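Enquirer: As a plain string of letters, each chain reads:
There are 6 protein chains.
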Amino acid sequence: MRPSGRAANALRQVSIETGVNRHAEGSVLIRMGETHVLCTASVEDKAPPFLRNSGLGWVTAEYGMLPRATNTRNRREAKNGQTGRTQEIQRLIGRALRAGTDRVIMGERQIVVDCDVIQADGGTRTASITGGWVALRLAAETLVARGVIAMNPITTHIAAVSAGVHGGQVVLDLDYAEDSEAGTDANFVLTGEGAMVEVQASAEGATFSEQEFHDMLALAKQGVAELVAAQKAALG
Amino acid sequence: MRPSGRAANALRQVSIETGVNRHAEGSVLIRMGETHVLCTASVEDKAPPFLRNSGLGWVTAEYGMLPRATNTRNRREAKNGQTGRTQEIQRLIGRALRAGTDRVIMGERQIVVDCDVIQADGGTRTASITGGWVALRLAAETLVARGVIAMNPITTHIAAVSAGVHGGQVVLDLDYAEDSEAGTDANFVLTGEGAMVEVQASAEGATFSEQEFHDMLALAKQGVAELVAAQKAALG
Amino acid sequence: MRPSGRAANALRQVSIETGVNRHAEGSVLIRMGETHVLCTASVEDKAPPFLRNSGLGWVTAEYGMLPRATNTRNRREAKNGQTGRTQEIQRLIGRALRAGTDRVIMGERQIVVDCDVIQADGGTRTASITGGWVALRLAAETLVARGVIAMNPITTHIAAVSAGVHGGQVVLDLDYAEDSEAGTDANFVLTGEGAMVEVQASAEGATFSEQEFHDMLALAKQGVAELVAAQKAALG
Amino acid sequence: MRPSGRAANALRQVSIETGVNRHAEGSVLIRMGETHVLCTASVEDKAPPFLRNSGLGWVTAEYGMLPRATNTRNRREAKNGQTGRTQEIQRLIGRALRAGTDRVIMGERQIVVDCDVIQADGGTRTASITGGWVALRLAAETLVARGVIAMNPITTHIAAVSAGVHGGQVVLDLDYAEDSEAGTDANFVLTGEGAMVEVQASAEGATFSEQEFHDMLALAKQGVAELVAAQKAALG
Amino acid sequence: MRPSGRAANALRQVSIETGVNRHAEGSVLIRMGETHVLCTASVEDKAPPFLRNSGLGWVTAEYGMLPRATNTRNRREAKNGQTGRTQEIQRLIGRALRAGTDRVIMGERQIVVDCDVIQADGGTRTASITGGWVALRLAAETLVARGVIAMNPITTHIAAVSAGVHGGQVVLDLDYAEDSEAGTDANFVLTGEGAMVEVQASAEGATFSEQEFHDMLALAKQGVAELVAAQKAALG
Amino acid sequence: MRPSGRAANALRQVSIETGVNRHAEGSVLIRMGETHVLCTASVEDKAPPFLRNSGLGWVTAEYGMLPRATNTRNRREAKNGQTGRTQEIQRLIGRALRAGTDRVIMGERQIVVDCDVIQADGGTRTASITGGWVALRLAAETLVARGVIAMNPITTHIAAVSAGVHGGQVVLDLDYAEDSEAGTDANFVLTGEGAMVEVQASAEGATFSEQEFHDMLALAKQGVAELVAAQKAALG
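Residue numbers (full-length UniProt numbering), protein chains in the order written: chain H, 1 to 236; chain X, 1 to 236; chain W, 1 to 236; chain Z, 1 to 236; chain D, 1 to 236; chain U, 1 to 236.
None of these hints come from the bench; they were simulated from the model.
Source: prediction; values computed, not measured.
Keep in mind that a hint or two might mislead.
Identical chains blur together in the list; that is why a pair holds if it fits in one copy or across any two.
Once the Cα atoms are required to be at most 20 Å apart in a straight line, the calculated DMTMM-like pairs of lysine to aspartate or glutamate come out as [what the hints assert, rightly or not]:
1. K46 to D102
2. K79 to E44
3. K221 to E210
4. K79 to D215
5. K79 to E141
6. K232 to E204
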């Protein structure tokens, strides 16, 4: 039995609300249960320096967590600089979102996807990818609607979910209570067609078997399919 | 005529929603028109080092703004450190909230009020004070309810509003469109009884007369009275 | 009775010595009693980036305090970075000095006014403004004398003084002994004609009444008039 | 055909030299072809603060790269701080090494494994894990030999290798020439018994299929087995 | 002929004024021609951590330069951190002053000597040592007068001067005009008895001969003797 | 008797191995007894900004020490920034190497010499200069061989050695055991012809006499002559 009473293969309740910020070219508030992430996509007319004269665009992400998003207040990163964990997460989000973008169609400009965790209960990085992709897609549609680019450069859905081994059982979409006890924690980023974009599976203390890995992957494929459906519903 | 069509002495629409964060001892989402600030109050069992063995408590504030809270995306402070403007604002919020707190009753502990601007349209520091005070009050009630302290250390309402000289007219509660054009901008922090806690009036380019200052103060007193009523309504 | 024996409306002894630095385009050592601030104004041929091609000049200020300017040695800011207090003060000085400058006449260049506190006894920010204005005026005269600009861009005197409520009495120009005990501390920046540039009144712990505010303002107007006279005498 | 002429399942030439530093409790120079990493394990008598009074030990890693380890000189991190990439790598190495350590047997002390890349040609993080484990094991033996702990807390071999998809072919142990062209890059950390510790598979641009993932894993299992044999040989 | 018209072995005009700061335990304004350095010595009751329970005292120095001490304004170190040059100079001053101090007599406390350059014209580090020693000596006398320590721990005069090779001629006490053209620049720190404390001779571009070194040393010995006389006169 | 059993005028065993890095234009591993420093020289096509359009080249150095190069592990500078000691050493190495370089022949480019201490046993800065010069010379030869510059800009050998007063005896090339006990420590940088480039002699606690200085210099001249011979042998 999971702490939340969910079945092993059950996602938390998913909600993706769009248009939550009046300034951003694309914006989303994604809720995976009690994990709430505000995602905004901001278009910048210039690509980063390493792409100058390449004709290619860039998608990057920044991740943050409000100090009291968690049960115990964390130090504000603006005062102490980004932790290694934060940098690792935002690099992951950026790579994931770029995998679903045609950077030639995009042209030499940048979209920055900010993922700010308003409230945390596990799975903030996967929620950021799933919600951030919708914000990115909306910003791309804005660019097309404004006539800045001719075609939409977003080539496929990108969504992410965690799986893990908790109490000997392979489970989907861990909340904080499970995550803090799980021997193995894995994050899967997949496309709308089920192709693999990123896998990060990690044991702290214990190890995991090949079988467990396969079971986690199977759950993740099912979970991502449901998240892609939620993305589609949010986009109308 | 003001850009927003409001009367010179009209506040924007005020909304103060409580209980918006499941972790914090007190939490509020305050909306002053299109300015939205999330305020959480977090109790820490220790007072800061300079109060060790003094028997006194401390209230402090931290202020942040999400990168795309504004029309043009700002650099994330976690990457670059807090600006002087940010530090100045959070020092102001902290001083204002302490003016309404009995630090002897509070005892040697600290309450940190985080004010994070989700969306900005002028007046973020005054909204932070008005909303932050409600979060602080809720956290103090939590401490009393838990039996940690015997009495509520919050002695009076604290609320804040801006006034300014825009197009030759003295107006209340400037939004961004007015603020960016105003010759004089002033912030007033008052108590529930109308006593003065903090005044900051500043001319950039032009100067202002003593009469204009008095007119701004008169508007501010009326505006704060309305905000105190909204605080009372939010607290039920 | 004030600790210093001064009357409630008496400034400390003021001395403004010019030409104290052989390198700077304008330089002043201002003494307000035991508070001594060295002010230098340095001309730079370029305006800051945000004014490129605007035709406008800029005046900015930097503030520092030698580690042993105070009774107890402070940590050197070069080792730890500028505190929020320092940044707040230098932003105030810069705003104040710009209010007395015609930035069109000045043209696209910058004058940096450095205010370094050699010895502190309260009122360092107001002394920095009063002394810094003389250094700025001297640098502007140097620019005119060198034929770089046709007219002097300094349009009015700018001077500043503190007032406060100490022991129930409203007093002018607080020294450190008074400042550390005062319930309310206010800084007023006015022009030579008595127009208002900046007001910052702040209560820590107690609050202040509208009447007290008016009494502080009245003292400040008189004090600034005396300081403007001292500026004129220093300029010869 | 691979750029190096190696077979798809061939590791580069492996060399693990021990005792290369006269000060460290354990030290190793590992060479995977032209990738050379110096690994030292340093024992500290205290565990980190978060383990105080837990009875548990800690293993952590730090990673660095000399500025000219690469074809083009990199900026020295001592001047600019650790990049996100560096922090991500050293977190990975630490997690991997802890997975093979019994932290109860170890007791409240810390072993810091420094992995400094002397020369880089791809695969520096996996070489750091494979070599760092030998340094860690030697430091643990030193602790046993000195009578500080009764038993060796290292419970299993830990080794790592990369695999990837290069030119449509799944290959083992990518060098820099392959890594910079590969559509998918994966790192596998396994135990001496073939259990899984960490998997990080990442597509930049393209995606990868489940079949490709399985093929990479199969190569990695074989590669790690060979590396474990090399670790055993190095330990004598 | 030297730019200043001085003889090869002539110091600039020396002035050492004591008691220039009302807060510091010892204070001096030293002028070597147009180089002016304010030196304060501050007593701290605790020695630095590495001396805990050693019974030994410590003397350390910090060095700074006001932004417009030089002909062209320098960036303020409080905004950018101390440069390598600044750190090198303050380490030198500290070592020099410790060489004349009996740290057993001093007991477990620290004296911090701040040397802040008000105006620079070459030779700021040597002026800091010569002036800083007087401030240190005064602070030590204060400690004796207060009964904190039984004897004066300052065992000998410490003074410093530069010499160099300018235009083929060996000269004493270089000002900025000479220093910026000199092929070799040397700083000598000697005791009141002429014993050697520190020698730093440095060629940039050219080299220097053993004979030139001896001639520089001979000038320095004479110059330091005159500076020691000035120190004695200042102390009365 | 010296701790190492060496005669007072005996260098430690010197080994200079070239070609130790496949990427750098020049590379050396220098061993002075148990002090091992890896030196690489990297050519950059641009000179630093302050030389733009001057036609002159630049040689600079960076110095680092691996955390466990020493008996007790040091904090990694990448995490904490370069210490004052590190900056002082790398400034010294750069000045020393420039003294043997014709910057006109070199043309507007830069050579960066990285000196990274793999293992430390005293004398790391002098070993860095002696080894770094060989790496610099090899990089210059590479530039000539590639036809980038017409002549070799390296005009003379530069080598360095320490001397000191240990146990009342003047000795050459101190190892860590001697260095930590020596009352006086001096570093001498000389050319292949015995001309002086840099002298840094420093007493901590005690002072030294002119005679001791001369004796140290005499030993250093002999030691540098032997090191120059080793440089020549290494270059073949």
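Enquirer: Next, verify each hint and record whether it holds.
Expert: These are the hints, each one checked on the structure:
1. Taking CA atoms no more than 20 Å apart as the test, K46 paired with D102 passes inside one copy only; the shortest distance there is 17 Å, against 35 Å between copies.
2. Within a single copy, K79 and E44 get their C-alpha atoms only as close as 26 Å, which misses the 20 Å cut-off; across copies the closest is 18 Å, which meets it.
3. When the C-alpha separation of K221 and E210 is checked against a cutoff of 20 Å, the pair qualifies both within a copy, at 17 Å, and between copies, at 11 Å.
4. For the homomeric pair K79 and D215, neither the shortest alpha-carbon distance inside one copy (42 Å) nor that between copies (38 Å) is at most 20 Å.
5. Taking CA atoms no more than 20 Å apart as the test, K79 paired with E141 passes in neither setting, with 36 Å inside one copy and 29 Å between copies.
6. In this assembly of identical chains, K232 and E204 lie within 20 Å of each other by CA distance neither inside one copy nor across copies; the values are 35 Å within and 24 Å between.
Figure legend: structure checked against the earlier numbered hints; hints not met, in rising order: 4, 5 and 6.
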